[in-house]
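Enquirer: Take a look at the letters that make up each chain.
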Amino acid sequence: MYTKEVMEHFKNPSNMGEMKDPDVTSKVGNPACGDVMRIYLKVGKRDGEKYIKDIKFKTFGCASAIATSSVTTEMAMGKTLEEAESIEEKEISEELGGLPKIKMHCSSLSANGLHEAIYQYKKKEGLDISEDLKKKHKIAQKTLERTKEMRRKHGLDEE
Amino acid sequence: MKKVNEDRIYVDNNSTTPMDPRVKESMDPYFGEDFGNPNSLHKRGRTANDSVKKARGKVADLLKSKEDEIIFTGSATESNNHVLKGTAFSRKKKGKHIITDKTEHKCILSACRWLEEQGFEVTYLDVDEEGYVSPEDLKEELRDDTVLVSIMMANNEIGTIQPIKELAEVTHGNSDAYFHTDAAQCPGKMKVDVEELGIDMLTLNAHKMYGPKGIGALYKRQDVDIDPLLHGGGQEGGERSGTENVPYIVGFGKASEIAKRNWKKQGKKLTDMHNKFIQKIQNRIEEVKLNGPKKPRLPGNVNLSFIGVEGEALVLRLDERGIETATGSACSSEELKASHVLEAIGRGPETAHSSLRVSFGKFNTEEDIERMVDVLEEEVADLRSITALDKKGKIGD
Chain S
1 MYTKEVMEHF KNPSNMGEMK DPDVTSKVGN PACGDVMRIY LKVGKRDGEK
51 YIKDIKFKTF GCASAIATSS VTTEMAMGKT LEEAESIEEK EISEELGGLP
101 KIKMHCSSLS ANGLHEAIYQ YKKKEGLDIS EDLKKKHKIA QKTLERTKEM
151 RRKHGLDEE
Chain R
160 MKKVNEDRIY VDNNSTTPMD PRVKESMDPY FGEDFGNPNS LHKRGRTAND
210 SVKKARGKVA DLLKSKEDEI IFTGSATESN NHVLKGTAFS RKKKGKHIIT
260 DKTEHKCILS ACRWLEEQGF EVTYLDVDEE GYVSPEDLKE ELRDDTVLVS
310 IMMANNEIGT IQPIKELAEV THGNSDAYFH TDAAQCPGKM KVDVEELGID
360 MLTLNAHKMY GPKGIGALYK RQDVDIDPLL HGGGQEGGER SGTENVPYIV
410 GFGKASEIAK RNWKKQGKKL TDMHNKFIQK IQNRIEEVKL NGPKKPRLPG
460 NVNLSFIGVE GEALVLRLDE RGIETATGSA CSSEELKASH VLEAIGRGPE
510 TAHSSLRVSF GKFNTEEDIE RMVDVLEEEV ADLRSITALD KKGKIGD
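Going line by line, the protein sequences match chains S and R.
Just so you know, we're using this note's numbering here: the first sequence kicks off at 1 and counts up by one.
Just so you know, we're using this note's numbering here: the second sequence kicks off at 160 and counts up by one.
What the hints contain is simulated information worked out from the structure, not anything from laboratory work.
Not one of these hints is a red herring.
Derived DSSO-like pairs (lysine-lysine); straight-line CA-CA distance at most 27 Å:
| hint | chain 1 | residue 1 | chain 2 | residue 2 |
| --- | --- | --- | --- | --- |
| 1 | S | Lys90 | R | Lys496 |
| 2 | R | Lys550 | S | Lys42 |
| 3 | S | Lys20 | R | Lys551 |
| 4 | R | Lys439 | S | Lys11 |
| 5 | R | Lys496 | S | Lys27 |
Coverage of chain S stretches by chain R, computed from C-beta distances (three or more under 8 Å per stretch; other residues unrestricted):
| hint | segment |
| --- | --- |
| 6 | 10–21 |
| 7 | 36–49 |
| 8 | 52–61 |
Backbone N, C-alpha and C define an ideal beta-carbon position, used for all residues, glycine too.
Turn these sequences into a full structure, and let the hints guide you.
Expert: Here it is as structure tokens:
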């Protein structure tokens, strides 16, 4: 079902766990579908450009959600914000040698998590936010709202 | 993560069981010299015919039914489809209403949805937080045009044992409907006596009781008349056409014989194992929810939600450590929806996605429990160190 790369990242994920004093954190996902992801970022400056100095994740999700989180943080580490912003779900799943069709949403979850963290950072620092990133932010927000709505609908808040 | 241990522990017995070596041995001749068709007149045919008859007797013995009340089928899924579709179509002049419940196996629910598309009406009863169907609820839903009630004997995911005798009494006392139960999980660990239960039809299969896959049975009381699913050469008294699967039927017979002899001892052993396992887990791991009834439950069945730990991830981590389990998590299913059973007992999505089913069988040992608890403690702790949910399993801020 899973490639060797997915299983390796799942068994020994990189950059996992909480970060002390992050510059920003993001939260994306939908527990109704069984995935929630947090990204922690520390941003540095190099040759006049902002870049990802450190990145960590925490994920509630299946093997492929954990593996995509892990590989996404590896791909983003050290990249400039602009470079990291352009990491797309397709590249993430390719990096893992492909994902089963029904798990493709896991790679979009981690791409969302990364983009949302960058959005939050740029917003906080008053930096320019591209139209593309704004769009990505909206998508991330929608999944969280859908979750809340679903919980209310099922009357599940007391559990 | 630690290295894989040499010996694997199989604790997914509600999914399928390993074959008892005696069952395999009983089947062997029928793949070779005794290959005959039971419908042939010659000696080889008669040998096959005798063997099928003997096996039928053994299955009947297990259920305390008459021999000719046992119909061999290809699976429990087929038996259930036969009951639902056969009853619906043969009794449609009397009525088009069927009652079942929300925690049934997918094959019952899917067949019911299909019948709805064909113009039949189905009521899906709710269950309580431990998974029980209430006889009062059933009574309220029974109508003049109700032709069938189908409620499973024990739930395959959460181990709830339904009050079948009472539900059958309510059905027969308040309607003309037939009462059917899917008892695939029960033989060999519980008493399954069709007379005592007072039911009309019962579904069974061999591979949940240490027999082969690909063979099922349907108990149908003599005076119950429903349409067959498969028409053809008139085998199985015209109830299920198709040349009898002789080796598998023989294996089913052997498995039934063993199950009948050992059910009390096995039932107790498996109950002790699941109680011990649940207790040890609850002593050693925090934030664990037990899904299903406190007690009694289907012997050997355990269903736990480890808050903050997604089920598929835990199953695969355990698999890497040599322990074979199952989950009701959506991520293991095509449609990415969490278990309909956990939803029916009111579990929220995070809890439902965090479920782990462990089901003990007769080949498990006390040592298995010790090793499983140790490994679970480590893997749950590790997955919790990377989870995005808080201690209560919520998203938090």
